[in-house]
Amino acid sequence: MSIATNNIALNLEKIRKDFPVLNREVNGYPLVYLDNAATSQTPKQVMDAIVDYYSNYNANIHRGVHSLSQEATDKYEAARKTIQQHFNAEKLHEIIFTAGTTHGINLVANGFASILKKGDEILVSAMEHHSNIVPWQILCEKTGAVLKVIPMNQEGELVYEEFEALLSEKTKMVFVNHVSNALGTINPIKKIIDKAHEYNAAVLIDGAQAAPHIKADVQALDADFYVVSAHKMCGPTGVGILYGKEEWLNKMPPYQGGGEMIATVSFDKTTYADLPHKFEAGTPNICGGIAFGAALDYMNAIGFEPIARYEEELLNYATLKLQEIEGMQFYGTSREKTAVISFNIEGLHPYDIGTLVDKMGIAVRTGHHCAQPIMDFYKIPGTVRASFSFYNTKEEIDRFIEALKKAKMMLS
Amino acid sequence: MSKTIQEIQEEIVDEFAMFEDWMQRYEYMIELGKALPLIDEQYKIEENLIKGCQSRVWVHAELEDEKLVFTADSDAIITKGIVAILIRAFSNHHPSEIIEADTKFIDEIGLKEHLSPTRANGLVSMIKQLKMYAVAYQTQLD
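Protein chains in written order, with UniProt numbering: chain A, 1 to 412; chain B, 1 to 142.
Derived by calculation from the structure, the hints in this document are not laboratory data.
Glycine is no exception: its CB is placed at the ideal position from the N, C-alpha and C atoms.
One or more of the hints may lead you astray.
[Stated by the list, open to error] Pairwise CB distance ranges, derived in the manner of DEER restraints: (1) B:Thr139 x A:Glu346: 41 to 47 Å; (2) A:Lys170 x B:Glu31: 57 to 63 Å; (3) B:Thr139 x A:Lys170: 52 to 58 Å; (4) B:Glu27 x A:Gln45: 53 to 59 Å.
Work the whole structure out from these sequences, hints included.
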């Protein structure tokens with residue numbers, strides 16, 4: 001497909017106008033924002049939803065009889081419905097609002113503390129974000145369960161055969177990210193989920209990095225849990241969702257006690273509310289939830305397929321251009337990957353590169369990307385990571401390459 | 001008579017004032033980094049590593065004739081430049097003078113952005129570490 005066709009399909013000019021921040025300057029240069037895997041920028045439509053909430057119907061939900069509270073409740077629950085439809089969850093109450101991916105993972109880890117027994121095994125992939133490693137380590141300490149690691153190869157792909165070999169009757173849970181944040185690898189989660197289910201293990205998929213690029217269908221995937229953050233997909237920070245199959249959510253005890261999550265309270269006995277409220281203690285991030293719904297509406301209006309197609313084009317273009325730079329070393333060269341490029345330039349420290357390109361208005365990430373085990377695997381202190389979104393352009397990539405060349409010249 | 005910390009800082013500020021843009025300033029910093037008095041390999045150990053940096057920075061201090069002499073290294077060149085500037089200002093001075101010294105000159109040479117404690121390069125941690133050495137050796141002298 002030609003570039004022109006894709007651009008028309010996306011209407012980049014119109015899209016970029018939706019993101020006011022893209023017009024600003026940084027250090028005297030127009031901003032080139034290539035740190036989308038850390039957080040995405042926010043379109044006006046989402047900001048409008050936030051302003052609308054606080055301007056017109058800010059109220060606590062689920063308990064007020066007054067009109068404002070009803071309106072806020074309706075909008076919040078409508079957002080839940082939007083999210084349910086987006087991820088194709090079977091039931092509305094399988095969508096639990098959280099503060100983000102990390103919160104969702106901790107909620108499940110806490111829930112499984114009363115399900116796991118000593119000697120049970122948990123499998124975690126070698127390319128997880130720290131937030132999908134540490135909660136399980138804590139869980140293992142609590143329960144006596146054993147954490148095992150699914151290894152990866154030089155290309156940054158999980159070794160499926162090793163995963164199969166690790167599975168046994170002892171395996172109770174498997175955790176894999178849909179897409180690696182540090183490498184961009186898209187993992188074969190359907191295959192992993194199906195295989196794990198042969199052993200009746202529950203599978204949690206960290207969808208934080210996949211959700212902005214791939215529309216996941218949790219029923220088709222047959223995932224037991226799927227967690228995401230709104231701020232990676234044009235929504236605000238501090239909100240996300242946990243999708244969980246009803247049967248698992250019913251088995252898990254509440255995570256936090258408080259308002260919203262109770263049915264009746266007395267000092268003798270408290271009964272818990274039904275799903276999803278059992279896991280939504282306290283006043284939730286009402287505005288955030290509604291804005292998350294608006295973000296999904298925004299992205300769906302553009303369409304995930306054209307987004308994925310265009311981002312792949314950006315990825316290929318950037319990869320090709322980066323190869324022109326001498327000493328370029330890529331990390332994560334899986335055939336299946338999202339628009340994330342992790343790299344180093346021979347002899348240069350990622351921190352130096354990041355600092356200098358920032359002086360030229362380019363925002364990239366440097367460091368270990370909260371995935372130290374991956375850096376240890378490659379025996380490097382970190383990488384430079386450029387991650388692209390559908391509002392980025394080839395001209396921005398050109399500016400990035402130019403800045404990189406200049407930085408390299410200064411540092412060599 | 002040797003220069004005071006204050007005088008050296010003024011000297012550094014004057015040098016940086018000659019540059020017209022950020023690029024020249026950074027190029028000079030990189031140059032300074034390359035000229036950094038390198039730490040002896042035996043001191044490149046965990047205990048001498050400064051926490052809070054995205055790059056690794058080691059600093060070592062030794063007392064010579066009641067003056068503290070610093071050596072350092074880093075795997076990142078800009079960080080090396082930053083630590084080199086600090087060392088040039090602080091090294092070869094009495095611990096008490098190092099304890100008293102202020103670091104406003106960092107602002108004046110256009111490196112203010114590195115001073116925020118949340119910056120990943122840990123300039124603030126470096127200054128703290130140099131001063132800690134000074135405090136430790138001061139107690140020895142007392």
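Exercise. Do Thr139 (chain B) and Lys170 (chain A) keep their Cβ atoms within the hinted range of 52 to 58 Å?
Worked result: 56 Å, holds
For this session: Please test the hint of 57 to 63 Å on the beta carbon pair from Lys170 (chain A) and Glu31 (chain B).
Result: 59 Å, holds
Problem set entry | Whether the CB-CB distance between Thr139 (chain B) and Glu346 (chain A) falls inside 41 to 47 Å | The hint (41 to 47 Å, Cβ to Cβ) holds, given that Thr139 (chain B) and Glu346 (chain A) are roughly 45 Å apart.
Exercise. Is 53 to 59 Å right for how far apart the beta carbons of Glu27 (chain B) and Gln45 (chain A) are?
Worked result: 44 Å, violated
In the structure shown, a violation is registered for the earlier hint numbered 4 alone.
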